[in-house]
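Peer 1: As they're listed, the protein sequences go chains A and B. Using this note's numbering, you'd call the opening residue of the first sequence number 13 and step up by one each time. Using this note's numbering, you'd call the opening residue of the second sequence number 13 and step up by one each time.
Since the hints were derived computationally from the structure, they do not count as laboratory data. Predicted model, so just to flag it, every value in this text is computed and none were measured. Yeah, the Cβ is synthetic: ideal placement off N, Cα and C, and Gly gets one too.
With a cut-off of at most 27 Å between alpha-carbon atoms, the simulated BS3-like pairs for lysine-lysine come out as follows: (1) A/177 <-> A/102; (2) A/237 <-> B/102; (3) B/237 <-> B/102; (4) B/147 <-> B/177; (5) B/237 <-> A/102; (6) A/385 <-> A/302.
Residues of chain A placed beyond 12 Å of chain B at every Cβ, according to the derived structure: (7) 168; (8) 323; (9) 324; (10) 344.
2 protein chains.
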Amino acid sequence: MELSHYPQINPPPRLLMGPGPINADPRVLRAMSSQLLGQYDPAMTHYMNEVMALYRGVFRTENRWTLLIDGTSRAGIEAILLSAIRPGDKVLVPVFGRFGHLLCEIARRCRAEVHTIEVPWGEVFTPDRIEDAIKAVRPRLLLTVQGDTSTTMLQPLNELGAICKKYGVLFYTDATASLAGNVLETDAWGLDAVSAGMQKCLGGPSGTSPITLSPQMEAAIRRRKCVEQGIRTADHQQGEEEMIWSNYFDLGMIMDYWGPERLNHHTEATSALFGARECARLILEEGLEKGIARHQLHGDALLKGIQGMGLEVFGDLQHKMSNVLGVVIPKGINGDQVRHLMLEDFGIEIGTSFGPLHGRVWRIGTMGYNARKACVMTTLSALESVLTHLGYQTTQGAAMQLAWDRYAQENG
Amino acid sequence: MELSHYPQINPPPRLLMGPGPINADPRVLRAMSSQLLGQYDPAMTHYMNEVMALYRGVFRTENRWTLLIDGTSRAGIEAILLSAIRPGDKVLVPVFGRFGHLLCEIARRCRAEVHTIEVPWGEVFTPDRIEDAIKAVRPRLLLTVQGDTSTTMLQPLNELGAICKKYGVLFYTDATASLAGNVLETDAWGLDAVSAGMQKCLGGPSGTSPITLSPQMEAAIRRRKCVEQGIRTADHQQGEEEMIWSNYFDLGMIMDYWGPERLNHHTEATSALFGARECARLILEEGLEKGIARHQLHGDALLKGIQGMGLEVFGDLQHKMSNVLGVVIPKGINGDQVRHLMLEDFGIEIGTSFGPLHGRVWRIGTMGYNARKACVMTTLSALESVLTHLGYQTTQGAAMQLAWDRYAQENG
Chain A
13 MELSHYPQIN PPPRLLMGPG PINADPRVLR AMSSQLLGQY DPAMTHYMNE
63 VMALYRGVFR TENRWTLLID GTSRAGIEAI LLSAIRPGDK VLVPVFGRFG
113 HLLCEIARRC RAEVHTIEVP WGEVFTPDRI EDAIKAVRPR LLLTVQGDTS
163 TTMLQPLNEL GAICKKYGVL FYTDATASLA GNVLETDAWG LDAVSAGMQK
213 CLGGPSGTSP ITLSPQMEAA IRRRKCVEQG IRTADHQQGE EEMIWSNYFD
263 LGMIMDYWGP ERLNHHTEAT SALFGARECA RLILEEGLEK GIARHQLHGD
313 ALLKGIQGMG LEVFGDLQHK MSNVLGVVIP KGINGDQVRH LMLEDFGIEI
363 GTSFGPLHGR VWRIGTMGYN ARKACVMTTL SALESVLTHL GYQTTQGAAM
413 QLAWDRYAQE NG
Chain B
13 MELSHYPQIN PPPRLLMGPG PINADPRVLR AMSSQLLGQY DPAMTHYMNE
63 VMALYRGVFR TENRWTLLID GTSRAGIEAI LLSAIRPGDK VLVPVFGRFG
113 HLLCEIARRC RAEVHTIEVP WGEVFTPDRI EDAIKAVRPR LLLTVQGDTS
163 TTMLQPLNEL GAICKKYGVL FYTDATASLA GNVLETDAWG LDAVSAGMQK
213 CLGGPSGTSP ITLSPQMEAA IRRRKCVEQG IRTADHQQGE EEMIWSNYFD
263 LGMIMDYWGP ERLNHHTEAT SALFGARECA RLILEEGLEK GIARHQLHGD
313 ALLKGIQGMG LEVFGDLQHK MSNVLGVVIP KGINGDQVRH LMLEDFGIEI
363 GTSFGPLHGR VWRIGTMGYN ARKACVMTTL SALESVLTHL GYQTTQGAAM
413 QLAWDRYAQE NG
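The following block holds chain A by itself, in its conformation from the complex (with noise of 0.2 Å):
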């Protein structure tokens, strides 16, 4: 092996306007380049109990148990569906894009009887369609997804958990790429867990993920309470139930790791947690509302431009999320090459598509640390001129204009 041929890191400057990953915040990584504690250091376990605090600011709860789970978006997703579902109950999953069928894969592994219910990509389910839904499946939980990338659709949750309340169901949501970039309030929504993930509106990398769980959530996943032989002593119980099928994962023994009793499971990804509770603290310090906004005014501002550039947009926009857009890619153009033009010629990725999108959608995120004017502005230029180049007709700086304009309603 060469080494001379492995220098030290130094990756490319991009201006990631994709579906996420995007940039993180500079603080968060410096606040990631700290050095480490150990895991039972009381500084250590300061810093975790001021994570729990912080999140629970980010995810509009009083849940004690918010907390970390040390693995990107789907570990926590994941984490919350194997603890939560013992093989043979019911779910419900209403999808509406590629990460509800996430949902029913995992399930699957977790030996859930999936029920699914769809509409077509680039729409939402009304409450009364999942309210019939529930009736007739009966589930033991409902397992959504707030907003989903791959159509940029937001799925409205809030008149969900009094349903889900009438019919004694647990209701899940995956908020990975809606968290701080459009409002969610678990609690009042009636939420018994939710999952998020750092690499989309809170601003950091992937690789761990943020979750949240109901007292009623806890009190499901403690019926399975089984402690790590090795560490197990006769003053601990195991539960009633079935046994979670995995350790890593296991809700249980996590709280446990970040309850009083710090009993061992992993060693906590300690620059993760630094950087997970700098996005925290940079969020809440903005303010979760101000923020919010900020994602719907980039966001729309975008939108506006693309129009303005006589592009098509993707989906039904009463309900699109606020940090992405679905551009639809004009006949005779080329997606991969106009996205190849703008990573090579102008260091900024935009996102191509899945499964039935894929090759007909460009998809174009705003933000966390990048919803902001300068990311929208140079965006749109750069799109205008790559699009320009490959012959594509359109009023030269409209885009911008618009996009101009719609900043300029906002200050006045």
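Got chain A; can you put chain B on it based on the hints?
Peer 2: Frame of chain A, contents of chain B only:
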């Protein structure tokens, strides 16, 4: 929430001389503070390929599938066990400490039929003992721990691969705490799977787990292939065996993400990958063998110093890991008080113990960035001061002199 109570992160400076985590190499923390890349950016996939190549060097293998699992070291263990063990499979676990129990625990959650053999804490197994058990049990997998920090013992593995081959057994070892500080020869020893953690001899922060899989292990996993719904196409053939009962830890899907198809699974934890790349790069730059010799030197200097202080060490010294030492807490001394004074008054962390050794043994690590003379000398000196302060009788300066003698011997 009063945000002034949550200032910028500022961990107290600590010298981490426990069984891990240890202080990360500052160069690793700097690498991790690099700005992010999109997951399909050619620069990112190039870094992923480099990480695979670098860890082949660290694991001493030609295995194609040498990659990172996004989670702590037990995520790497669980990914391998969940992917390799089919429900009902027989596994054999030689248990010589807490982390053997952990392998049993995880294997049970994979619904394995778990068979164990045990030795008292502080000892290891002979190859004959393991071969006899294999003959009796006829397991599909042998699950071993190479270095169990709970007892500081290092299980010899070099003869086990041939035994496993003879009986058609897949051979796994957990090298979380041993890799890069003790000899491990993945290919020469016939290992089918190895997992590791960053926060020990590799010198980084916990949060990603390097693993390597032999072609035999790959084939076993491929037979359980199940491409995720939502990204599955007609070209994707499903495997003939029972699917893997986890999405996050499905190594088939993780291989497809790291392989040329780059089939989306999780979003790679970019900062953790940058850190893992730097750890491996620094190890190979020093030279893997030189780094192991460094661990042996500083571990031995610590041992000589501790013995010079009149303290008893724990376990069979012929089979001690190079990088961690068990020190028997002397009669009349409160072990926790010593650890508290070391931390509060000297900023030095040493470890407590689990299970039968709890309250009886301290564990002192010399690993990764802290396998350095200054760390050893400072720790010995502080420990002598604390013990003297608490009334323990020892010849002043003898510990440090014996450590110096050991270093002089190396240089002479």
